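Residues per chain, in single letters:
Protein chains: 2
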Amino acid sequence: MLTEFRIIEKYFKRPVPNDVVGIGDDGAILPIANGEERLVITTDTLVEDVHFSKKTSPTNLGHKALAVNLSDLAAMGARPQYTLLSITIPTANQNWLKQFADGFWNLADKHSVCLIGGDTTRGPLSITVTAIGQVTNGLFLKRNGAKAGDDVWVSGTVGGAAVGLLYKEHRDTFFCSNTWSRFEQFLDTPTPRVDLGQAISGIATSAIDVSDGLSQDIDHVLRLSDVGADIEYFQIPCETELKRFRNETKIRNLMLSGGG
Amino acid sequence: MLTEFRIIEKYFKRPVPNDVVGIGDDGAILPIANGEERLVITTDTLVEDVHFSKKTSPTNLGHKALAVNLSDLAAMGARPQYTLLSITIPTANQNWLKQFADGFWNLADKHSVCLIGGDTTRGPLSITVTAIGQVTNGLFLKRNGAKAGDDVWVSGTVGGAAVGLLYKEHRDTFFCSNTWSRFEQFLDTPTPRVDLGQAISGIATSAIDVSDGLSQDIDHVLRLSDVGADIEYFQIPCETELKRFRNETKIRNLMLSGGG
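Protein chains in written order, with our numbering: chain A, 1249 to 1508; chain B, 1249 to 1508.
Don't read these hints as lab results, they were simulated from the structure.
As the structure is a computational prediction, the values presented were derived from the model and not from experiment.
The following label-pair restraints were derived from C-beta to C-beta distances:
| id | chain 1 | residue 1 | chain 2 | residue 2 | range |
| --- | --- | --- | --- | --- | --- |
| 1 | A | E1489 | B | E1417 | 54 to 64 Å |
| 2 | B | E1284 | A | P1263 | 23 to 33 Å |
| 3 | A | S1505 | B | R1471 | 51 to 61 Å |
Backbone N, C-alpha and C fix where the C-beta goes; we use that ideal spot for every residue, glycine too.
Chain A with its partners taken away, still in its complex shape:
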């Protein structure tokens, strides 16, 4: 099976005009905003049983579907402005829809994001959100800007969502404490770093949304920037409860390879 990366490279990636940033970063950058502004656009799909389980609450799903896209805009240094929501649902359960909309709007309102369109269709549950923002020309953050000598920073901690998933699926067999249920929040209601992304635009040389795990995502930055990095494992920010387990292989793998 081809990875997502290879599928896109092989069949869908083609040269784009010089003033466009196309496939291969957290979002695309288009030269069609006012004056010195540039338009940034990104899209992400969440599929049931792949990106979330049947147990995920509709409120959390509404939040997450938007959050993962705002997170991509943040990683470009962009201010989110507009969004499109395409929702495919098996049946139009009103209670489900109301909760989903609550989760979606709660986050949208927090960032003054305006829902301008979308599509509603019947079928196996999946959500595709497209998010649109703007960034001043020259201030956007791409994956390929890292320079030798740069420091590597992460926002928050890493591995929380992966521990949350482990807890959700294997809490009976897992060695963790019951209090670890709070890790589910990293999985279900991730916080897009919208303000931080804008704050570091023009300061950071490069940025990426950590979604596939720290080691894989930093590898994208390094490869595209043609640099290397030394990462001190014990210096990586991690949640307090995880600190004393950092030598356990399982926790180490989750911190380095777990998403978000």
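Got chain A; can you put chain B on it based on the hints?
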């Protein structure tokens, strides 16, 4: 079950700024293009067993997923420029992907549309395309501009896709001739009226992409424009082979209520 229209109205439609055209037209119009230009954006999802059958060739599906979106841009009078492709597939079958990409690129190249991003995920087959274009301010075509005294025009003929679907699914029991197989093209490889949409922008008072059938779609225009219309059924353009069957209830229903 709520209709798509009611779901969107109830849970997802909220007021938007004055300079934005949001949910309720073929696409959204945003005030973030250069000078007098406006950005037009639209998205449509195609789900297997809902919008297309398992028998649909991947080449046709690649064409159709883009075509339905270009058709929405055309109905706004916009020039298509960029597209995002989110594809959810059960397995990454290379032969399938190659054919899908062929169909997609063949149409994209015809209209110089640049693929700038997307998402590839595993799951039940569905395709969400987002298309972006531009139109000069004041020249876009909305659904609410029709005036008393206007003529009603359609591009091409109506009912062809519906007859194509009937032929595909019930050819053994259907009273039509075997030569009617050509109607499948209206269903599988619809032609977006990209040039026509731009040609009539500034001339037509209103426009809509006919996707749910002539009577339902013209009703959107009439309701939003607060006007009525007299349609002479026998004056509606229809394919030659269908003309002598126009009094049959089945064909009449397909012409008036069948998609595109």
